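Colleague: Chain by chain, the residues:
2 protein chains.
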Amino acid sequence: MERQDEPGGGLKHHDSAEELGSPPFSSCEYSRSPELEEPAKMRRNDNYLPVPGEEKNLDVDFTSTKPRSNESIPMKNLYADDGSPLYPQLGPYFSDGRRRVDYVLAYHIQKPSGIRRQSSRFGDTNFIRRLRRSLSMRSSRAPLQPKEDPEIAAQEQRTDYHEDDKRFRREEFEENLLETGLELEKDDGCKIPGIGFLKIHAPWNVLCREAEFMKLKMPTKKVLPSSVNCRFVLSIKRIFSVVFSSLELITAPLHPKVDANRPDSVKSLSHPFSREKQHLVCVCVPCLLANGVYTSAYPLHDVSMTLLYEEWASYSVFYKYQPIGLIRKYFGEKVGLYFAWLGVYTQMLIPAAIVGVIVFLYGCATVDDNIPSIFVCNIMKQITCDQKSVLFMEHWKRRQMRLNYIWDLTGFGEEEEDEKVKLTCTDRLPAYLTTVVMMCFMIAVTFAIVFGVILYRISIKAALHISTYPAARSNIRATVKTTAAIINLIVIIILDEIYASIARWLTTLEVPKTDKSFEERLIFKTFILKFVNAFTPIVYLAFFRGRLVGRPGNYLYVVGSYRMEECAHAGCLMELCIQLCITMLGKQLIQNNLFEIGIPKLKKLLRKRKSDLDSKQEEELNKTMQRHEKDHFLGPFVGLSPEYMEMIIQFGMVTLFVASFPLAPLFALLNNIIEIRLDAKKFVMELRRPIAAKAKDIGIWYNLLRGLSKVAVIVNAFVISFTSDFIPRLVYQYTYSPDGTMHGFINHTLSYFNVSDFQPGTDPLQPMHLGYPVDMCRYKDYREPPWSNTPYELSKEFWAILAARLAFVIVFQNVVMLMSDFVDWLIPDIPKDISLQIHKEKILMVELFMKEEQGKRLAARDKDSQDNYTSPSSANESPPQPRSRPISHANCC
Amino acid sequence: MERQDEPGGGLKHHDSAEELGSPPFSSCEYSRSPELEEPAKMRRNDNYLPVPGEEKNLDVDFTSTKPRSNESIPMKNLYADDGSPLYPQLGPYFSDGRRRVDYVLAYHIQKPSGIRRQSSRFGDTNFIRRLRRSLSMRSSRAPLQPKEDPEIAAQEQRTDYHEDDKRFRREEFEENLLETGLELEKDDGCKIPGIGFLKIHAPWNVLCREAEFMKLKMPTKKVLPSSVNCRFVLSIKRIFSVVFSSLELITAPLHPKVDANRPDSVKSLSHPFSREKQHLVCVCVPCLLANGVYTSAYPLHDVSMTLLYEEWASYSVFYKYQPIGLIRKYFGEKVGLYFAWLGVYTQMLIPAAIVGVIVFLYGCATVDDNIPSIFVCNIMKQITCDQKSVLFMEHWKRRQMRLNYIWDLTGFGEEEEDEKVKLTCTDRLPAYLTTVVMMCFMIAVTFAIVFGVILYRISIKAALHISTYPAARSNIRATVKTTAAIINLIVIIILDEIYASIARWLTTLEVPKTDKSFEERLIFKTFILKFVNAFTPIVYLAFFRGRLVGRPGNYLYVVGSYRMEECAHAGCLMELCIQLCITMLGKQLIQNNLFEIGIPKLKKLLRKRKSDLDSKQEEELNKTMQRHEKDHFLGPFVGLSPEYMEMIIQFGMVTLFVASFPLAPLFALLNNIIEIRLDAKKFVMELRRPIAAKAKDIGIWYNLLRGLSKVAVIVNAFVISFTSDFIPRLVYQYTYSPDGTMHGFINHTLSYFNVSDFQPGTDPLQPMHLGYPVDMCRYKDYREPPWSNTPYELSKEFWAILAARLAFVIVFQNVVMLMSDFVDWLIPDIPKDISLQIHKEKILMVELFMKEEQGKRLAARDKDSQDNYTSPSSANESPPQPRSRPISHANCC
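The listed protein sequences correspond, in order, to chains G and X.
One point on numbering: in the working numbering, the residue at position 783 of the first sequence is 783, and numbering is uninterrupted.
Basically the working numbering = 1-based index in the second sequence + 1000.
Source of the hints: derived by calculation from the structure; they are not laboratory data.
Only some residues are given here: those of chain X computed to face chain G with a beta carbon under 7 Å:
1) K1796
2) W1799
3) A1800
4) L1802
5) L1806
6) V1809
Non-contacting residues of chain X with respect to chain G, defined by C-beta distances greater than 12 Å in every case (computed):
7) Y1362
8) R1398
9) A1444
10) T1479
11) I1486
12) Y1555
13) L1589
14) I1590
15) E1643
16) Q1733
These numbers were taken from a predicted model, which means no experiment stands behind them.
Ideal Cβ positions, reconstructed from N, Cα and C, are used throughout, including at glycine.
Assemble the whole structure, with the sequences as input and the hints as a guide.
Modeller: Structure (structure tokens):
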């Protein structure tokens, strides 16, 4: 399992330069532009003294989104001597066929007006324009949806003023881009009417400059032979050589064919500067988009897409490992980490699913046996499952460390964002209060809905009971259960969507300080709401249903005269199973099919519709459309939160209730196998390429997972001890049983009831339905018999069994926690080979430094000796090392 | 409380250079020696290509231990132009009075023999000597204690061969030292007969070179005005200005007067290279010491000692904050962190002690009241105390981060040590098995001893009961309790010492891979053994005593006919209190007084005795002795483990059983106030100055603390629910009480016993001692009455109360854990002001880099323009930025 990353991103990951035949980073000698641009953040630093001549820069650059995958860094080497691209397959180019399109901005075009090409550099015009702009920025609430509607052209008369302003601003922006060294090309709405494209190319020197600002580390020329790893593998091979090689043969088809022909014995030693600009502190583009100056902004898909499509985003390769390295190169670290995490999670589900299926089959086969051994087996499984969830966390931590090393993120620290807003606690208090109140309210709504479904079940059951159609009555149970579960499912899915938007609204109210903080708060709120939403019905079924029914003669009635629902005589476990099954499958099917496939397709269709083309035209256009035009019709990338959220709720289902529903891991596994390829397809085919974002870990999701696995321990302890007969059986066998066996257990669990104690009007309608009058009946509870001093009170057995159940919970929880801590402590966070490799790199780094220093020293000495040649008297004194100085003896004796 | 570090190490900490009036790091232009030495680690790297001419270096240097505190870095500036030291008070110097003594090696001197000055550079002699040496190294198990005994001189005839060898090796070693650029001076046993000293001085260039190897970061010239901090403080001041200034006035005497006259508005921006060499990968010195070539090796105490003594290591300043910055400068980060931790811990004890005293007094005042409110109060206290232990961890984490920032450790990562031994798992298996078996055996021994003490108590009580002296009988309880507690204490202290040595032996057997691993394993083992040793008697008292007595008519008898001991009718809480009190006080008093003060003094005395001086001679010598001679008579530094261990056991006592013994925090606080100054005195006066070691955190101790506070939660839950009447009272009040009050509770807790049911021979000796025959008596237990169907069985009430107790444990544990996680999540690990400061530093760093780059660029452009002056045709093409390139329009319309 550890091998998953090796083909994709393992030691085969190195600079694309090598792939193209040039030495890796042989030199980074670029000429620095006089308009050296600084990152936007520094500009806002008070201590900053502006460099003359660059005050007007708007601090925008798109280099960030630029250098990428197979064709990125050695831009120089992409062109033959005659200037034509050496690798024409590497993507769309400017019309000269030489400069690659790195980023695209799209905008509306209206009919050319007289002021179209008006110069914007006169002082007065400038002043007026700026004034106007600042006014318009303050007054108009920025529309977040880019206005793509071509109908707007009809209203041009009215909006002409605004359109002019937008064009002016575009022009100024473009000038600024040129000043920073970027190269531009315009493509003014030729094929797609009403839409113009601004294509941007970032030349090599701009890339170098930006890279340097992002990381102050310089690349070295040294490459590290990955001998440590090889030696490590060898030492294992020496022992298991046969096993290992055969294993390799077997697993070979599991590896995607993406890196086969690359040499994997070298890894660039130091951190080559990052090829993705993680912090596009680009104030302008979002602002320009919000004001409708541009309608969209995106980098382009390129030729790697095909490889990704074939080896990753296809259902036919579902059994293969993911090419994580390639994914990271194409989409950036954040997306790469998501898929790596999903892969690890799916892998960990495989053994869980196998165990679950075995337990399920065994449970089915022995459903009527009274042997506690199957419960012991169940508990062992439970403990191993909780351990598995710990192991999963540990495994992921190690995998993440490994990826961090392979992706050269070891030195990368998350930049603190500048605070956008400064508000005191008192400013925030109303928002926080609103949040708390709203959250409580929504949780109450969820509870109310669950209670409503219970009422529905009770009343439908009652209605069907008194119905005169025998067919209806015979199917009562099945009908009620299924419809209730489906209602629950639909409610969950609808509420999920509502809660998501409420959470977003609440987070906006809170005005978080940074974007990161916004995201975290939003995720946290959404998680709580979705979690409560998904788990309330299940928790009710598992812990409350059948426990609030009262007793014969004193039933609990709700809403007038409906008796609270009881469990079937096999316990509520079956119903819990059905509910879990329907929720999991339904959520997955509906969310996958409807939301992840259906809606994006619909949106794409709508977007195409809007551009006023009939199908014939469209087909023709499709053939001739360039990459940037095609990408324009794809959906925008909206972040990974929905994907993570879906998975984490599933993780909750699997870990929290696996004791009740052993097939949960299997369902989750099947879903995830599809989910991976589905997400892959979506990312490759349906969405515009996201701006690559750097990330070291999966952030808040890891904490949520940790929290869930902690909650899982206690929930599982309760599920085992309270929803099954395990504890009562044990107690019976070891304390009450006369012969130490389970004989008489059922009798022991039943209490006596004297039918004369029924309250008037609640006694059965047909007292003679057995053919003879019944005096005494039995019911499942631990209560005193009618002939005791305290009839129908909870009996001593009840309390003893309750104490045993609680003791079990305490023991279980603490044992699992102790074992988790032990496992956590046992498994080092950094894999051994990675820490060795890092150590080795450090040593080589020092060595390199040493040699360089020595070279300097020798050169200096040579120079010295030359000098000394002219004045030999000073030469004797010149060695800086007093080698021959005698030991001075302070011998006072 | 956060202010503690500011005077000591806060923003007032900066380079000593400033203190001495020179600009901080104005330049580090040193001449590099041709014998550029590499750290020993690199030498052992296979990939390393040896630099010609340095194969013979033994990789030893003592610079590590050298640059220090007030007088370290700007070595150049220490001397006036005439070469005499500018600051003669700064420490001992070579006999020339110019070069400071940085490190001292001591050795034995025997009578001069003929071969004394024999050259050691002849090939043959060399070969034989080496052979001999390697043989001696292999055969003789190295004695770890340096042989200082002067009697050895008498055996010189016999050991002459060895002595010669030692001298040869010393000479070769000294030559190597000279080669690395160090400067030496010998002081051959003038005042102290039989002992010679080798004084070592590390010149400036050697320091620079070593510093560079240790950290590849270079210092910058930039200094950061600590405006962020100031502004932060100001913004607070604006609100609380009056309160704040008066607070400052009040707390002013709490701050030690060590940094008053230093400017605190600047902090050197980047990481100036470390002034302590943390990893003295010095294979040679320990080896030479082990072979007796040198007898001891230590750096010298210097003039800062006086300041430390006055402001820190004195009982008269017990109320002041510690000068952490100064401690760190003098002793290194490791010792600094220990005292900082001790300080934070002691501070956190203050509120705990106050709450504890209040609860204790309240408990004394209301000892006979039957109000559950005092238990509720107790529980609230308990929860707050558990929270406090979480808060303490959080507070320490933040403090550590702050110190890391202030001490410039943020970028410092622990170096991985090279593995010294490579053993496979099978090699280690026997050692691990031995460890497990021995640990189990020793834990069993502890249990046996505790059981022995129980037997002692029972039998003495029985013996005294049947004794005929009424005086003896009246004092039975007090006598037995006190003697038993004292026996326990003595056993604990003796076993502690035994276990410590067994743990060391076991760890040696395991042959850990690195020194760090050795230390961690040793600490872990010692901790487990000491913990079990200290807590077994207490756990017995808290949870088992009085619960295993059986019932009237069916008592539990041990060792023949002794009845198992019962609790007094007030519960075992009182005895638990006594035991805790005696253990805590006794351990602290005995360990502090005997082991920490008495034994070191004794050792010092012995060491002086050994050097054959009478008191008069000694007194005279004391006046004239130089620093290095004085330090020779001090004890060696043996690490911080014993100090930490003592504190962590105390922390366990305070957190685990605070519910039973509310005065524990007070005792701990009093002890710690003394402990801090005691340790300080020991470090300053009694021990040789330790080699400064760098550390980022307190390592394994933090994990042990975390583990303890986790265990504390569950232990406290059990203590509250099982050792007090809290739960039975609640249950009685809300379920059994007829009128909802506590009336009748005592009656409810007592069961009935029919005296006719006594087994023959166990009935009371005087059935008539009340004056009338007793038929029915009561005893404290929840059992069925004699007239029920199941007489003397545990009753329903017992099980109900047990269930309530267990439920309380579950609720308590999970609530506390949830709150801990919440607190953990709420408090950011990095204090806000520190993270702001770090952020600011990063920005300034980029700015500096920018300006430098710009300077280069401008220079290059100037050169360019000069070039262009000669060839104006190329000048038009030369600007690398294509400013005037027009947008290429690919307008296909």
